[in-house]
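Q: Can you build the whole structure from these sequences, using the hints too?
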Amino acid sequence: MSEAVLPSAPGRRALLSEDQLAVVVGLLVFALALVGLGGHDLLGWVASTSVWTDPAKALGAVSKAYAQLGGVPALFATFVALLTTLSLVTYANGGDVRKFSLAFTVVFVIAYASWFVGSYAHLAAVTPADFSKFGISWSLRLTNEGGFLVALIAGLVIANFFPRFAEWLREAIRPELYVKIAIVILGGFIAVTAAGKLALASSLLLRGVAAIIEAYLIYWAVVYFVARKYFGFSREWAAPLASGISICGVSAAIATGGAIRARPQVAVFVSSLVVIFAVVEVALLPFLAQTFLAHEPLVAAAWLGLAVKTDGAAVAAGAIAESLLTSQAAVDGVRYESGWIIGVTTTVKVFIDIFIGVWAFVLAEIWTKHINAGAGEKAQLIEIWRRFPKFIIGFVITFVVALALSLGGGLTQKLTPAIAEANTFRVIFFVLTFFSIGVLSNFRKLWEEGIGRLAAVYFVSLFGFVIWVGLLISWLFFAGVKPPLAA
Amino acid sequence: MSEPELEREIDQRFVEPLLPVEKRLIGWSLGVGAVSLVTLAIVSRYLPF
Numbered sequence: 001m002s003e004a005v006l007p008s009a010p011g012r013r014a015l016l017s018e019d020q021l022a023v024v025v026g027l028l029v030f031a032l033a034l035v036g037l038g039g040h041d042l043l044g045w046v047a048s049t050s051v052w053t054d055p056a057k058a059l060g061a062v063s064k065a066y067a068q069l070g071g072v073p074a075l076f077a078t079f080v081a082l083l084t085t086l087s088l089v090t091y092a093n094g095g096d097v098r099k100f101s102l103a104f105t106v107v108f109v110i111a112y113a114s115w116f117v118g119s120y121a122h123l124a125a126v127t128p129a130d131f132s133k134f135g136i137s138w139s140l141r142l143t144n145e146g147g148f149l150v151a152l153i154a155g156l157v158i159a160n161f162f163p164r165f166a167e168w169l170r171e172a173i174r175p176e177l178y179v180k181i182a183i184v185i186l187g188g189f190i191a192v193t194a195a196g197k198l199a200l201a202s203s204l205l206l207r208g209v210a211a212i213i214e215a216y217l218i219y220w221a222v223v224y225f226v227a228r229k230y231f232g233f234s235r236e237w238a239a240p241l242a243s244g245i246s247i248c249g250v251s252a253a254i255a256t257g258g259a260i261r262a263r264p265q266v267a268v269f270v271s272s273l274v275v276i277f278a279v280v281e282v283a284l285l286p287f288l289a290q291t292f293l294a295h296e297p298l299v300a301a302a303w304l305g306l307a308v309k310t311d312g313a314a315v316a317a318g319a320i321a322e323s324l325l326t327s328q329a330a331v332d333g334v335r336y337e338s339g340w341i342i343g344v345t346t347t348v349k350v351f352i353d354i355f356i357g358v359w360a361f362v363l364a365e366i367w368t369k370h371i372n373a374g375a376g377e378k379a380q381l382i383e384i385w386r387r388f389p390k391f392i393i394g395f396v397i398t399f400v401v402a403l404a405l406s407l408g409g410g411l412t413q414k415l416t417p418a419i420a421e422a423n424t425f426r427v428i429f430f431v432l433t434f435f436s437i438g439v440l441s442n443f444r445k446l447w448e449e450g451i452g453r454l455a456a457v458y459f460v461s462l463f464g465f466v467i468w469v470g471l472l473i474s475w476l477f478f479a480g481v482k483p484p485l486a487a
Numbered sequence: 488m489s490e491p492e493l494e495r496e497i498d499q500r501f502v503e504p505l506l507p508v509e510k511r512l513i514g515w516s517l518g519v520g521a522v523s524l525v526t527l528a529i530v531s532r533y534l535p536f
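Chains A and B, in that order, are what the protein sequence lines are.
Per our numbering, the first sequence starts with residue 1, numbered consecutively.
Per our numbering, the second sequence starts with residue 488, numbered consecutively.
Rather than coming from a laboratory, the hints here were simulated on the basis of the structure.
Think of the CB as a built atom: it goes at the ideal place given N, C-alpha and C, for glycine as much as any other residue.
Hints may be right or wrong, so weigh each one.
Unchecked claim - Below 25 Å or equal to it, Euclidean Cα-Cα: the simulated SDA-like pairs (lysine to any residue) are:
| # | chain 1 | residue 1 | chain 2 | residue 2 |
| --- | --- | --- | --- | --- |
| 1 | A | 482 | A | 338 |
| 2 | A | 482 | B | 525 |
| 3 | A | 197 | B | 528 |
| 4 | A | 197 | B | 527 |
| 5 | A | 229 | B | 503 |
| 6 | A | 378 | A | 396 |
| 7 | A | 64 | A | 134 |
| 8 | A | 229 | B | 518 |
What the hints assert, rightly or not - Derived list of chain A stretches under chain B, where covered just means 3 residues or more per stretch with a C-beta under 8 Å from a C-beta of chain B:
| # | region |
| --- | --- |
| 9 | 205 to 216 |
| 10 | 219 to 232 |
| 11 | 363 to 373 |
| 12 | 473 to 479 |
A: Written as structure tokens, this is what we have:
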């Protein structure tokens, strides 16, 4: 999705796109996890971090079958597996493997260290039982997913105070690749979660359809009108900007730019802005959701899916919201099943993504027939497929397969731990995403680039309209619908 | 086009009035969006959850 903000691969042609590679890696993790159903635990060695006060006890292999491995060797094995896989991905994507390997080593160390720090009991412990278990009297109650925020902060510090170091890391700063892999894996996790409450899950899917209508028909039209009428932007700037603010950030801005034949730099400028504002949203909106929507967790989840732009930031915000809202509910004695809040945020976001190609086609049709009518070009239906985010296919495959296995009967007891192992990789890819988003967010550079008026449209539209209408629609469709309680 | 030129371009206001087709696009989007939302909101009231 973020071709515009990623390093371009010099000299060598990509064999597969980032999107396709994310599907390959996500499905590989999912398939290896499913081998566990046959009694062969192939992923149990992946390192997981528990909430800790004694750092020596924090790390361990996720499966008891690999408990004898020990925490540090499990972490090393996890690192080697990721380095090897992602180096192959970099090669297939036309990148510089040597540069990537060096940068990824540092990225992994910092990102995993962030998760480790975020799992410290004073940050992560939630319930009175946890407090008593760890012998502590206070905690920020972030759950161990507070590590996501630590990773984001670490990335922001590097981007804004050590820009040369950030530049050196860039080959491995690939938030969209990481989050797409995570979303493919997440499909299986959501399916296992949904299988037990199929009627509720179906209802949530239907409610999620409202998100598409809002993003494409209401948000886009209003933002385009505001940018054209009140800020005086040309069509070439206003259309990618409207798509960036209202649909799905970077990919939508690029797709729209391509559809209306805007200069490539226009989409690049808009994309930079999208990434920066997405960071602000991730840092702000989940906490606002915790403060004001604690008793409507699914309203909060849908709201984040609608309001936060870019897949990475939206799903990341859903993950933070899930940890904040479930921990707050736990304090009040309510224990929600995990997976529903992030599931709703992801579903809403994925629904919006699906139609990027269709919207780009509609705009291309209007532009070629009515606005640039003399250019002699014609919108082509194949563009819909070309613009379709392929990682969604991976998400649908893992969701359908895991749902079928869950409902097939007899496998649930083996499927849940198998998917949990894959889910540990999902969490690691999330941490890498958060760190990468932070590293891409150089506020000073954006300021120096002087795109203040563009930022003004974004600010006015996002905070004056998008998040409020998003909240209204989320309330309309999700108020009163609660995640199931944990058994 | 160089970056400084683009930055200058961003700071300019363009005299590019809204064409009738743009007005139709905005109007139809909002109209269809509003009607669809109301319809879905009514349907959602009959959902079991």
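Q: Each hint: holds or not?
A: Quick rundown of the hints versus the structure:
1. 482/A with 338/A: Holds. Residue 482/A to residue 338/A sits at ~12 Å (cutoff 25 Å).
2. 482/A with 525/B: Since the Cα atoms of residue 482/A and residue 525/B sit roughly 22 Å apart, the hinted pair holds (cutoff 25 Å).
3. 197/A with 528/B: Measuring from Cα to Cα gives roughly 22 Å; hence the hint holds.
4. 197/A with 527/B: Holds, because 22 Å separates the two Cα atoms, which is no more than 25 Å.
5. 229/A with 503/B: This hinted pair holds, its Cα atoms lying about 9 Å apart.
6. 378/A with 396/A: Not satisfied, since the Cα-Cα distance of roughly 32 Å exceeds 25 Å.
7. 64/A with 134/A: holds, 22 Å
8. 229/A with 518/B: Roughly 19 Å between the alpha carbons, so the hint for residue 229/A and residue 518/B holds.
9. 205 to 216: Satisfied; 7 residues make the cut.
10. 219 to 232: holds (count 9)
11. 363 to 373: Coverage by chain B holds for the region 363 to 373 of chain A (3 residues, Cβ < 8 Å).
12. 473 to 479: Contact hint for the region 473 to 479 of chain A vs chain B: holds, 3 residues under 8 Å.
In this structure, only the earlier hint numbered 6 is contradicted, and the remaining ones agree with it.
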